[in-house]
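**Student:** Protein sequence lines, in the order shown, are assigned to chains C and Y.
Sequential numbering of the first sequence, starting at 1, is according to the numbering used here.
Sequential numbering of the second sequence, starting at 1, is according to the numbering used here.
It is worth saying that the hints were derived from the structure and are not from the lab.
These figures come from a predicted structure and were not determined experimentally.
Treat the hints with caution; some may be incorrect.
Covered stretches of chain Y (in silico footprint by chain C; criterion: 3 or more residues with CB under 8 Å from a CB of chain C, positions within the stretch not fixed) [as the list claims (entries may be wrong)]:
1) 32 to 38
2) 70 to 77
3) 320 to 326
Derived DEER-like restraints, expressed as beta-carbon distance ranges [to be verified]:
4) Ser28/C / Pro141/Y: 32 to 38 Å
5) Ala278/Y / Ala329/C: 43 to 49 Å
6) Glu332/C / Arg142/Y: 52 to 58 Å
7) Thr49/Y / Ala248/C: 54 to 60 Å
8) Arg325/Y / Arg220/C: 40 to 46 Å
For the chain C half of the interface with chain Y, some residues (derived, Cβ under 8 Å), not all of them [unchecked claim]:
9) Arg112
10) Gly116
11) Ala119
12) His140
13) Gln203
Don't be surprised by glycine CBs; every beta carbon is placed ideally from N, CA and C.
2 protein chains.
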Amino acid sequence: MPSSSPSRVSVSQLKPRLLLGPGPSPVSGRVLRALAHPTLGHLDPQFLTLLDDVSLRLRGIFGTGNEATLAVSGTGSAGMQAALANLLQPGDTAIVGIHGYFGGRMAEMARRLGAGVVAVEAEWGRVLEPERLIDAHRAHPRARLLSVVHAETSTGVRQPIREVGAYLSGTETLFVVDAVTSLGGIPVGVDAVGIDVCYSATQKCLGAPPGLAPISLSSRAVDVVRRRKVPVSSWYLDVGLLMDYLGAGHVYHHTASSNLFFALHEALQEIEEEGLEARHDRHRRVGARLRLELGARGFTLFGDPGHQLPELTSVRLPDGADAVRLRHALLERYGIEVGGGLGPTGASVWRIGLMGNGASEASVERLVGAVDELGIGSV
Amino acid sequence: MPSSSPSRVSVSQLKPRLLLGPGPSPVSGRVLRALAHPTLGHLDPQFLTLLDDVSLRLRGIFGTGNEATLAVSGTGSAGMQAALANLLQPGDTAIVGIHGYFGGRMAEMARRLGAGVVAVEAEWGRVLEPERLIDAHRAHPRARLLSVVHAETSTGVRQPIREVGAYLSGTETLFVVDAVTSLGGIPVGVDAVGIDVCYSATQKCLGAPPGLAPISLSSRAVDVVRRRKVPVSSWYLDVGLLMDYLGAGHVYHHTASSNLFFALHEALQEIEEEGLEARHDRHRRVGARLRLELGARGFTLFGDPGHQLPELTSVRLPDGADAVRLRHALLERYGIEVGGGLGPTGASVWRIGLMGNGASEASVERLVGAVDELGIGSV
């Protein structure tokens, strides 16, 4: 909070940026126009129909038939909070894979909810070997859940989830997958993988503005929520109440932001028109091009090249280049946003997101052009 | 969630409504344009300056010098959740005034957080006599907080807060006031009244779309949060972490929705241009006109006329009129949204909001014209 009068700003004078950081990603003009459609009431029959349609489209992208598929009124972190707050009761055991910043956040949330956390850790930039997660479960077979981050936004690494999903489906432990940076960019496949709770965010590969967190719960996850002995400590994120409102009954719970749902609906429509496979292909193709261009300029991948995400690339700059100073120059002189590091990667890496509408050849060319003009990697 | 394919909808084809219900209120074209300004990153220096400016302007409207004045990334209910989750620890006592739906919600949230709730109840439509709240505190002098709803959206009643604020300032109990439907419509006066935690929502008298919850904490409330023995169970709504991000340090916490903040900033700018006192006058004048017109048509106030809110009027329809059917007719035939009742008022009342941009003579005339055409109250 400012302690003295800040410089007064006007929204119309804010300079636009090319958003190539770890999210938000660029929002299309069409989605922005939908966002600005006149606000509707949260119980207007037109809006309730739109909510149903959002749920249906989200199921398609999650790859699930889960009835409990909805969007929580908060950002991606609210999705994580909702997943854990609904499943965990004090005294439960949570096995949490940590191979980057967001795994650490999950462990912190689980602890605050009174769970005993079994942390399975890997170095930042590596994946968690599925066998290690499975071994942790063998040691803690009564764990309420096992969670991993599918696309670690802090490192750019893609976590394998298939083996763990297949293994856990034969147990009573729920599989929780953070798909914040994966949904819409790479296949998630909730039902095929056997994920019980999967959550995401609107402002990454889905191409909508931030503010909503899509989430999907399997029927066995819903059963766990319904059979809780103590109510969910957060009334706001109680999935039972959310299902009563966002679901078929439409019982008033909170004032869902119609404008954010308009934008999400339009973004989901764009995805449907492109086709999900074509969208995944586009992310793969453009990400590969970026890494080729950066490699030619002396940038090196931060994470395991064998498990690199298409949509989020974490790179060390060529020797001698000041990652922080150059990131600011990129923003100020070229209007291009890339992300800095988090935690141990803080001052030494750039995190470059080519997500949603940002996943284009034009983005790569504009970024690489600026990199060249800034003289990074030139000899 | 839909069990079969819902009718496909397109955002551009949604019919606009005149929003005269209990919120959201009509959003001006100027604020909608700000909402649709191209998305910025949550750590962009331009956006951080805007956040500071939003905090400064909110302080003016709350009537406070509180440094901890910010907007939570969720709806008004998230503001309530944040207020209670940060102040209450398991075993604490919370004195909760209940004279309508939202007081009941506060009690429910407090219980879920492990607090012992001392409910001070009054009939829906009445106010809570300040002396009764003070007596409850005398019986529970070690209560962590005492909370009331300033503007009960379920009944249209304005709760007196001055006496309780003055009394509690000499105690260790924190005064929590729900200003969801009051902020921007009637004076709140956080510092003058002695409120420790006050929260609101953007979509009522502030005139912005839903999605953010302004909140302000006194330094003694912040001390209580900082001295907690157990961390806040909700990482997402932890005020300490939110202050580190939204405050001067700007440490990453979550991806605040720049678009929602653009809209809030523009709405706060509109309020500054109108002047807060002039805005309160407008709400008072237009609300009085509405009640005059409705009274002449045989509508009767649901709540205590001596404590009627200007901005939210709960009325019973003239004898024989079917409140539910006519409310749907108003929406479908005239494009005007008014609210139905909640709880005991369910099928018998309309809740009419004249809030923010909706508080105009034109709104009253359009509503009354439709009421007349529908033949309500004619003999």
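**Student:** The structure should be examined with respect to each hint, and the outcome stated for every one.
**Tutor:** Status of each hint after checking the structure:
{"no.": "1", "hint": "32 to 38", "verdict": "holds (count 7)"}
{"no.": "2", "hint": "70 to 77", "verdict": "holds (count 6)"}
{"no.": "3", "hint": "320 to 326", "verdict": "violated (count 0)"}
{"no.": "4", "hint": "Ser28/C / Pro141/Y: 32 to 38 Å", "verdict": "violated, 58 Å"}
{"no.": "5", "hint": "Ala278/Y / Ala329/C: 43 to 49 Å", "verdict": "holds, 46 Å"}
{"no.": "6", "hint": "Glu332/C / Arg142/Y: 52 to 58 Å", "verdict": "holds, 54 Å"}
{"no.": "7", "hint": "Thr49/Y / Ala248/C: 54 to 60 Å", "verdict": "violated, 44 Å"}
{"no.": "8", "hint": "Arg325/Y / Arg220/C: 40 to 46 Å", "verdict": "holds, 42 Å"}
{"no.": "9", "hint": "Arg112", "verdict": "holds, 5 Å"}
{"no.": "10", "hint": "Gly116", "verdict": "violated, 15 Å"}
{"no.": "11", "hint": "Ala119", "verdict": "violated, 16 Å"}
{"no.": "12", "hint": "His140", "verdict": "violated, 23 Å"}
{"no.": "13", "hint": "Gln203", "verdict": "holds, 6 Å"}
The structure fails hints 3, 4, 7, 10, 11 and 12 (numbered hints given earlier, in ascending order).
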